[in-house]
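J.: Based on these hints, arrange chain G on the given structure of chain E.
Residue numbers (our numbering), protein chains in the order written: chain E, 57 to 337; chain G, -4 to 357.
Source of the hints: derived by calculation from the structure; they are not laboratory data. There's no promise every hint is true.
Facing chain E, a subset of chain G residues (Cβ under 7 Å, in silico) [unchecked claim]:
(1) S45
(2) V47
(3) V63
(4) P67
(5) E68
(6) N78
(7) A80
(8) H84
(9) P94
(10) A97
(11) R98
Restricting the straight-line Cα-Cα distance to at most 25 Å, the calculated cross-link-like pairs of lysine-lysine (DSS-like) are [as the list claims (entries may be wrong)]:
(12) E:K243 / G:K176
(13) G:K345 / E:K161
(14) G:K212 / E:K161
(15) G:K176 / G:K190
(16) G:K162 / G:K106
(17) E:K243 / G:K106
(18) G:K311 / G:K345
(19) G:K106 / G:K176
(20) G:K270 / G:K162
(21) G:K162 / G:K176
(22) G:K340 / G:K270
(23) G:K190 / G:K345
If you're wondering where the values come from, they're calculated on a predicted model, not measured in any experiment. From the three backbone atoms N, C-alpha and C, an ideal C-beta is built for every residue, glycine too.
This is what each chain is made of:
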Amino acid sequence: MRMGRIVRGVLLTLVGLFFLFPIFWVLLMSFMTNADILRSPPSIIFHPTLSNYTALISGQLTTNVGTLKTNYMGNLLNSLILSVGSVALSLVLAIPAAYAFARFKFRFGEDMAFTLLSFRFAPPLLVLLPLLLYFQQIGLYNSYIGLIWVYQLITLPLILWIVRGYFEDISVDIEYAYRLDGHSWWKTFIRIAIPLARPGIAAAGLLAFIYAWNNFIFALVLGSSNVQPVTVGALAFVTASGIQYGQIAAALVLSILPTLALALYAQRYLVEGLSLGAVKG
Amino acid sequence: MAYLELEGISKSYGKTKVLDGVSLQIERGEALVVFGPSGCGKTVLLRLISGVLDPDDGDIRIDGQSVVDVGPEHRGVAMAFQNFALYPHLDAFENIASPLRARRFKDEEIKRRVHEIASLLRIDHVLDHTPRELSNGQKQRTSLARSLVHGPAVLMLDDPLRNVDAKLRYEMRLELPRVLKRYESTIIYVTQDYKEAMALGDRVGVLLEGNFHQVDKPTEVYGQPRDVRIANLFGDPPINLFPVRPERSGDGSLRASIGGTSVAMPAGRSDLAGKDCLIGVRPEDVEVHFDAVDQAIRAELDAVTPFNVRTVMLLKTSDETEILSSCPEDNTLETPRGRREVWAKIDMGKALYFDRATGTRL
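For reference, chain E alone in the conformation it holds in the complex:
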């Protein structure tokens, strides 16, 4: 028994190291100068510097050929606006839709749900060029609203399908019971269905946020520098005088932080089994 526990511990540590090592290395790199990073063989003994972070925050990228202006903090803000905006819009649209698909049978219901899912099958490049032309004509090119709209292709079907499954798992009797107590349909949805599906909503929201945050191609094509998120903004560190590995690492660390904070916050809602014990099957 004890032997098994030790072996399991060792194996888990190995797996953890395997996955976390790149992130750990990036974290170290963000405190190194480009010279330290490019030293061969690599070493973890170096003089830590905050220069990468100060360069990012001040927007002054100093290279051996001169000083470049970057707007990484602006990119970070854009990422936040785009991801939060598109996930919020998706939640507002997809939760009632998911409930409808889960609870009611209506004409073409399944077809509609499947069509929404199929948005995830199509390669983005297929729709990007026509979209670019349309967006330029109707003035949505290079706007937050335009990008948030396109991001719905990523976030809406994801949230809809995950949350639908959670609604389907709630015993319909619980909702009937609440109606019979004298509550309206709307109150039943708000006070019973949504709280019971909250783990699913939290999981779907978090996943959608990560997908939106990591999106690259939509923002690259459909926006210019003033709406572009971190994924596109990081391209600025590939300069004429070389690749600024230190700043890229620091930018990465900064870009991980919001997602990490959200994941830690959402964790409490991800706890499964909230509805266990309510209904005996």
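T.: Relative to chain E, chain G alone:
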């Protein structure tokens, strides 16, 4: 006029007709038990009355008003669900308080009423527990408390004792009438257990294949079932059914052969002569003797199940006819070892006669 009236209610799912023109009248304050095997449409019937499902056809009236187009929250109907249907994210107090909150009662009044019903049902010590932390019995009582707390005009109980263990079921069978009496609701109680039906119903409606086959007092359903299926479902141990064809004997009396023995039919049933029929005999109308008795059927004792006050015996005659007998516990019957020769005497006066082809009582 009846308080709750159903008129020609039908409901189908796809091609399956679950309820087929059900009509029923229930008086104010009456307790009607809907009895039937699983899948006979009992639960669907309750859902139609409660309004969470709509009937395909027919009318439902409460106090003379049609409620077919009225939402479930406005019908004044409460229901205790078979699976309890408690709100898992709320504690027992809030579960019970839910109907009062919907009616915007003041906080003190809610507190008073919840504590009153909770102490009546002996769950006042677990009011701060979530459903997950409650035992099955406590869940069942919480669900019952929630349906009673606002004194509903119509209370429906969907097999509430189905998911609790035998001991608790026995307790609740005694306790429920006392609790229900206090609230003076009109009650519809759904069950598959004939003992519950006997204990709780002013009347029992036997629902089979989407319609009521008989609606009557419990003793009538037991003693005078309209057909053989009702007789078979209502009673435990189940009724004995012997296929016979009564014939006139030499002395002019009507006799039927049961288990290889010719038994005299009661006088006045000459209508049965030459007819293929089933004789139904309740096990308690079969006496078991250890010595030959006149008019008794010779059989072997096959199995004995002692209950506390009655012993149920399975007898087998030489032609393999099985006879169930339920006798008051008696020292002479104490754990008979091995097979024993016995004589079964049937009280033919209490026997029921059914048409073998249609199953209706003759």
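J.: Would you list, in rising numerical order, the hints stated earlier that this structure does not obey?
T.: 3, 12, 13, 14, 16 and 20
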